[in-house]
Amino acid sequence: MNKDKKEGAGAEESTFCIFKVGDRDFLLPVEFVREVTDASPLFPVPMSPEYIHGVVALRGRIIPAIDLSKIYPVGKTNYSDAKLVVVDVEVELVREVISENIGFVSEGLPYFATFGSDIPLRDMIDVKDFFRNYRVKEPHGRG
Amino acid sequence: MAGVNRSELLEYFLSEAEDHINTLQRGISEIEAAPGSDTVIEDLYRAAHTLKGAAALVKLTTTSNIAHRMEDILEGLKDKKITAGREIVDLLFYMLDSIKGLVQDVSEGRGEDPAIEQEVFARADEALSKVATAVPGKVPPKAPELEAVVPEKREAVGRRKEDFEFFSGNFVKVDVRKVEEMLNLIGEITIKKNYLLQKTKETGEISDEIFFAGRRLLKEITEFADRYAYSLPDNVRYTDPLLSEFGELEFDRYDELNLFSRKLQEITNDITEALKDLSDFFESFGDDVKTIGNMIKMLRSDISEARMVEIGRLFQRFVRPIKDMARQYDKKVELLISGGDTKIDKVIFERLFDPLMHIIRNAIIHGIERADERLQKGKKEEGLIFLSARREGNTVVIEINDNGRGIDTDRLFEEAVRKGLLTPDSRPSKEDLLSLIFVPGFTTTEIADMASGRGMGMSAVRRLISAINGVVEVDTDVGWGTTCRIKVPSSLAITNVIVFSSGGVEFVMPSGLLEEIIQLEVTDAVESVTTITYRGRDIHAMSLSEKLGISQQGRFTVGSFSNALPAIICNLTDRKAALIVDEIVGQEETIIKPMNRFLGGLYIYSGTTISGDGRVRFVINPLRIFEEHIQPVAARPVTEEGYEGRRVLIVDDSLSVRKYVSAFLEAKRFKVYSASNGVEALNILDETPVDMVITDLEMPVMHGYELINRIKGSERLKDIPVIVLTSRSAEKHREKAIDSGAEDFLVKPFDEKSLSEILRKYLSTADLA
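These protein sequence lines map, in sequence, to chains S and E. Those letters in the first sequence? Residues 1 to 143, by the numbering used here. Those letters in the second sequence? Residues 144 to 912, by the numbering used here.
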């Protein structure tokens, strides 16, 4: 299932990184993916929301590992051989553009595939929106 | 010019002028080498433009006019109306030299020589008339370009003065960020070094284990051999016919086991020997790593030193404001400074100005009494403000001491009762009452004036100081004076932290924030501990694992017998609080990195560190952990007439303009923030709500129009009035600014009246909220 070319040769194709969580496959546009690494050693982040699985240290950077199973209903997960799909996000928050790295926990190694533009992208993660929506916010705005 | 003094501004102007002159110097040389480079001309144009504005502000008319003329010429170059030929380059150099001369004169206290303007303009007219023929739109004439490649000595063309090196000395100017980078690298090296040291230790442990295993092996073999020797003698038959004639006791028998056992003994001995060598090696290796560690430390302190400035320079900046304020409030104030040679990190230096200014202002306005009142009290007519600094280890202690009326804790108590924070029958200690002045919104000018409290802003002071990992304390002697003590780390690059664990998770905290670590007898469930007695006072206590919702490590059971748990006594500026943890792991030096922005909302952490062996530890911010215990007592600030507490952000790439406007606004009791370009401004707006933005249009990095667009495009910021302050008086600029959403327009150099009017218009006291 490496190349899954649909008939319409004219249709635009893009490559996605596909990773499994529970019984669902999530897609990430390949241009956001920085690297895939082991989701360990994983360090806990006390007081963080449930979907923060922990953080990993990747060459001096601290990457939050996000557990999508705590956000979407995906059935049972098996993280015994979990990998982390690390993405680059450049996102404009209220007043500034920031670039940061976050990671998605994947059951086993993700794979890459190219699709035409006509496939349903129900499971595609819009990295920027995700970052904006799930960024851990301070409980109450301060002063 | 209430509150604004020229000599202070002049100082700013001089340091700013230095930069612009250097830019011009470099740029003109570049034009000389490569005429027609648009970016260079753009830079030059901006430098001349800013210099012009800055000079006008400090009323250096001649300098300003020459810079203006320069700006015109550069504009001509920019628009390709003039060609960057030899004549022009010479002219620019000549003009720059004149400016240098003027600035030099001013810096030496002589003032400008207005005659120079005529001289320069005459020359400019002459030079321009020569090149005028070479205009417009034509290909630049060949000759000047050729000449430009091989410049002659310019002195011959008539420099105004001898070609002195401007502001030079035995120094190299280095960008602070470069130093920062070096320090970061050293930080990384330090981490690697710690890792190496730790690995060495582990290797040592492994070799110890092998050593003991070898000893055990040897013991087992010897025992086994002995047993074997005694249990089997009769069954042994000599196979060597040569030895058959010897009796049992006449020759040592060497059966295979015996040989095997001896061999094993020898091998084990060899291993032991080798291990001894190995452990010797690792010992000296460890020493070497330690030596490297010491060298890193020296390197670090040397580089940090490069970033250190004498705090006296900061103190000096208060001399004029204190005089002006004293005059304004009709007080007699004398300033004493000591320890001015104490050195402090440039970054901290910069961030100390505002909090110190706050404290000093409070001391003058609320602390020191009028002369007649002082005489009545039997004090010297002149009030005294004593600024001192000293170094204590890695900490710099700054004290601001005044001999005014002090803070009346009775009034604080009454106010707290009135606000419902305290009950009339439970009067806390003096220290606890004093800590109220740090509670956001507790003190208002109203009571500050009456009770001579330290005014509002002390909570802001605390926040500013805690942002640089510092603490501030206040002590007062009612009737006799107040002392504010600020403790900040002398350097920020590498922080000494204490490592501790709670619920099986390791955390760190900057050592500067903790008072001490005590052993706390916990007889009950630790969750129930909310107050402990520390040095005779009840302080707030909290179990970290409880706060974080992580379970205590099972080793402490409830009730059965008493347990001692470590409690970190944190210095929260206004009070102490105890953070109960499971275990103190140790202390180390590390770099604190900012939080990943995705996790930025986890306010109880102020950053992350990575340990030598790659473990992630979060930096606990004790202020925020205990903060919610302040907020319930925080009341809404009571508002009042005037601008006290209103915040204005001034954005301009000219330091002089920023300082001028700041001084003006501060005199009106505004809290002023300043930024030198749009990006910096947005960063400030990100953290600080302001009531008005005053911005220049032409700035590097992000210009004013873009800034206005961003502000007006943001849901949160769009209601902040934006005033454009520019030297561009053209209708085009004004319209564009108003179109992009700016509320009003001020032309530089502006007069104070029009600024005052704008303040009144857009910041009517009615909408104070």
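These are computed hints drawn from the structure, not numbers from a lab. Just to be clear, a hint being listed does not mean it is correct.
[Said to hold, decoys possible] Derived EDC-like pairs: lysine to aspartate or glutamate, alpha-carbon spacing no greater than 20 Å straight-line:
{"no.": "1", "chain 1": "E", "residue 1": "Lys-630", "chain 2": "E", "residue 2": "Glu-448"}
{"no.": "2", "chain 1": "S", "residue 1": "Lys-70", "chain 2": "E", "residue 2": "Glu-830"}
{"no.": "3", "chain 1": "S", "residue 1": "Lys-137", "chain 2": "E", "residue 2": "Glu-448"}
{"no.": "4", "chain 1": "S", "residue 1": "Lys-76", "chain 2": "E", "residue 2": "Asp-829"}
{"no.": "5", "chain 1": "E", "residue 1": "Lys-690", "chain 2": "S", "residue 2": "Asp-123"}
{"no.": "6", "chain 1": "E", "residue 1": "Lys-855", "chain 2": "S", "residue 2": "Glu-92"}
Results of checking the hints against the structure:
no.	hint	result
1	E/Lys-630 - E/Glu-448	holds, 19 Å
2	S/Lys-70 - E/Glu-830	violated, 31 Å
3	S/Lys-137 - E/Glu-448	violated, 38 Å
4	S/Lys-76 - E/Asp-829	violated, 41 Å
5	E/Lys-690 - S/Asp-123	violated, 37 Å
6	E/Lys-855 - S/Glu-92	holds, 16 Å
Hints 2, 3, 4 and 5 from the earlier list are contradicted by this structure; the remaining hints agree with it.
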